[in-house]
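Peer 1: The chain contents come next:
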Amino acid sequence: MFTDETLETVGAESLWRKSRLLQQESKTCQTAELKTAEVEVQAGDTSENATQTEADEHRTQHFALERESPIHYPGLGEFLQSVEGVVVKELKRNVKSHAFEGFEVNWEDQSETVSCLHALQYSEAQESGLQVTSLSWNTTGSVVACAYGRLDDGDWSTEKSFVCTWNLDRRGLNPKRPDLVIDVPTSVMCLSFHPSKPSLIAGGLYSGEVLVWDTSRTQDPLCARTAMSDETHREPVYQVHWVPGARRGDRFSVLSAGADGRILVWQLDSEGQLTLSDGFALVTQQVPRNIKLSKARGDSLLGVTSLSLCPWDSDMFLVGVEGGLVLKCSFSTRTPAAVSSPSSGLALRAPAQFSFSSHAGPIHAIHCSPFHRNLFLCAGMDGHAHLRSLLQATPLLSLRLSDSYLFSVRWSPTRPLVFAAATGQGSVVIFDLGRGSLRPAATIEQDAEGKPVYCLEFNPKQPHLLAAGNADGTVKIWQLSAELIEQGQREAAQLEQLANEATE
Amino acid sequence: MSEVEETLKRIQSHKGVIGTIVVNAEGIPIRTTLDNSTTVQYAGLLHQLTMKARSTVRDIDPQNDLTFLRVRSKKHEIMVAPDKEYLLIVIQNPSE
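Chains A and B supply the protein sequences, listed in that same order. Residues in the first sequence are numbered consecutively from 1, following full-length UniProt numbering. Residues in the second sequence are numbered consecutively from 1, following full-length UniProt numbering.
Since the hints were made in silico from the structure, they are not lab data. Ideal Cβ positions, reconstructed from N, Cα and C, are used throughout, including at glycine. Careful, some of the hints might be misleading.
[To be verified] Using C-beta positions, here's what the derived DEER-type ranges look like:
no. : chain 1 : residue 1 : chain 2 : residue 2 : range
1   : A       : 48        : B       : 51        : 32 to 40 Å
2   : B       : 36        : A       : 228       : 43 to 51 Å
3   : A       : 170       : B       : 15        : 46 to 54 Å
4   : B       : 36        : A       : 170       : 23 to 31 Å
5   : A       : 460       : B       : 6         : 41 to 49 Å
6   : B       : 36        : A       : 183       : 45 to 53 Å
7   : A       : 391       : B       : 84        : 48 to 56 Å
8   : A       : 196       : B       : 74        : 45 to 53 Å
Model the full structure from these sequences, guided by the hints.
Peer 2: Here you go:
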């Protein structure tokens, strides 16, 4: 039944697998032959060129001689060569020489003591019990003007007062009779002569008006006044100054500062009116300060009691306010003041830029040093005079000059280290910073009864004269001793040293 | 810089020298290190003073002549070196 059988193998070809060999194709390619060629070039000759701008193309030619430097002065080189040796030898010897140390020459008669030259009084003013509130010397130094009023009265007074002038160089000087008496309706608080015209005086009144008088007019000396309007001062004007115009050659304007916190600049026009040209207001909240003025409301105005223009920087002025603050202000400020300005009026600006540490009590006087650009003095009701630098907030020196108030302080126009102060005890104290002691160099008893001295001024042209006005209506002209007037050799350098102590 | 400028710069850089002015025979300043108005003032005044000093010396002795002029004041010393055609003025502060 079952038998062995062999079968043939059966094969099936793959449908999907193909021989790879069939897929391969060979291809070759060859780039075409590159054609190259070599060539050389050489420059026969070369040249160079360069340009450079000249450094001094924009130099301003304000000095005509500089333009002429290319002009050759014949012989100048030889002259300088021959002379240089001699000059340099002398220069070196000079620096080492002790020949002139301690050598002083007296050209003028030296007065050893301080003496009172004149005691000027006006009887009518004295009868009404008026006090001398302000003094001013005119630009030639020969006329002194004084303003009468009251400084101790708090009331709104309408009593008449006077401005009197005396010409000290006139032969027939009568100390009891002024050369010119100007009647003024209310008390005059401050006075200032024009810096170049010897006959113009500006004065600020208790009622807030500012008046300008021309003493050369015989009929009516009043030459300009401010109209009473919303924009003028409504409170006593404590300081009046003449300010030079913005450009050289411009006329001077009058600056007035009052207890209402406003500082206004007026221009004189031809009709006898003072027109407002610029104005500033000191508002409490706009004053930069480190110490808070605790009790004052933010929008109240700070009354100005003293002001000083800086002779070195025409943009800056210093202001002392009622609360005892001293502020550095600028004329060119742009921030508007936070006061409601009248509808048609001038927009007031806030001038304060920096505040110094304060005094205890109103500041009665500030004065910038005529010899050093950063120093100034301020004196107030606490009897101290502070020497301050513009560069720092705290004072450099604090000197106690009097047990009572100090009403005025002024630098001497000839000696860089000397200043004078008017005290409430009736004396004028002259202090010399170069002496190194805390006691004054000289004390002048203006008034034996101890009535306060309210104002003092040095004569700009005759530096040995000092005028001081006191509460009983007398103006005394003092002649200072020579040692208080003549400048020593190293004073300017000592002042510089004092100022530099600040920054260290 | 030329010789002239270098010499003037050397003199100006000495201790205490405040200013140097070169003036010609007519009293007109030709080189200066100070400002315009001060230069003109110094040049005019010192030229006159030098001429006066020179004539003083020669009047006393015609064989003599001025070689150097020094004016000492409280604040500085002014030195003038004269010549036929020019004048060199140096202002020094000796106490510096």
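Peer 1: State for each hint whether it applies.
Peer 2: Verification of the hints:
{"no.": "1", "hint": "A:48 / B:51: 32 to 40 Å", "in the structure": "violated (56 Å)"}
{"no.": "2", "hint": "B:36 / A:228: 43 to 51 Å", "in the structure": "holds (49 Å)"}
{"no.": "3", "hint": "A:170 / B:15: 46 to 54 Å", "in the structure": "holds (51 Å)"}
{"no.": "4", "hint": "B:36 / A:170: 23 to 31 Å", "in the structure": "violated (39 Å)"}
{"no.": "5", "hint": "A:460 / B:6: 41 to 49 Å", "in the structure": "holds (44 Å)"}
{"no.": "6", "hint": "B:36 / A:183: 45 to 53 Å", "in the structure": "holds (49 Å)"}
{"no.": "7", "hint": "A:391 / B:84: 48 to 56 Å", "in the structure": "holds (52 Å)"}
{"no.": "8", "hint": "A:196 / B:74: 45 to 53 Å", "in the structure": "violated (29 Å)"}
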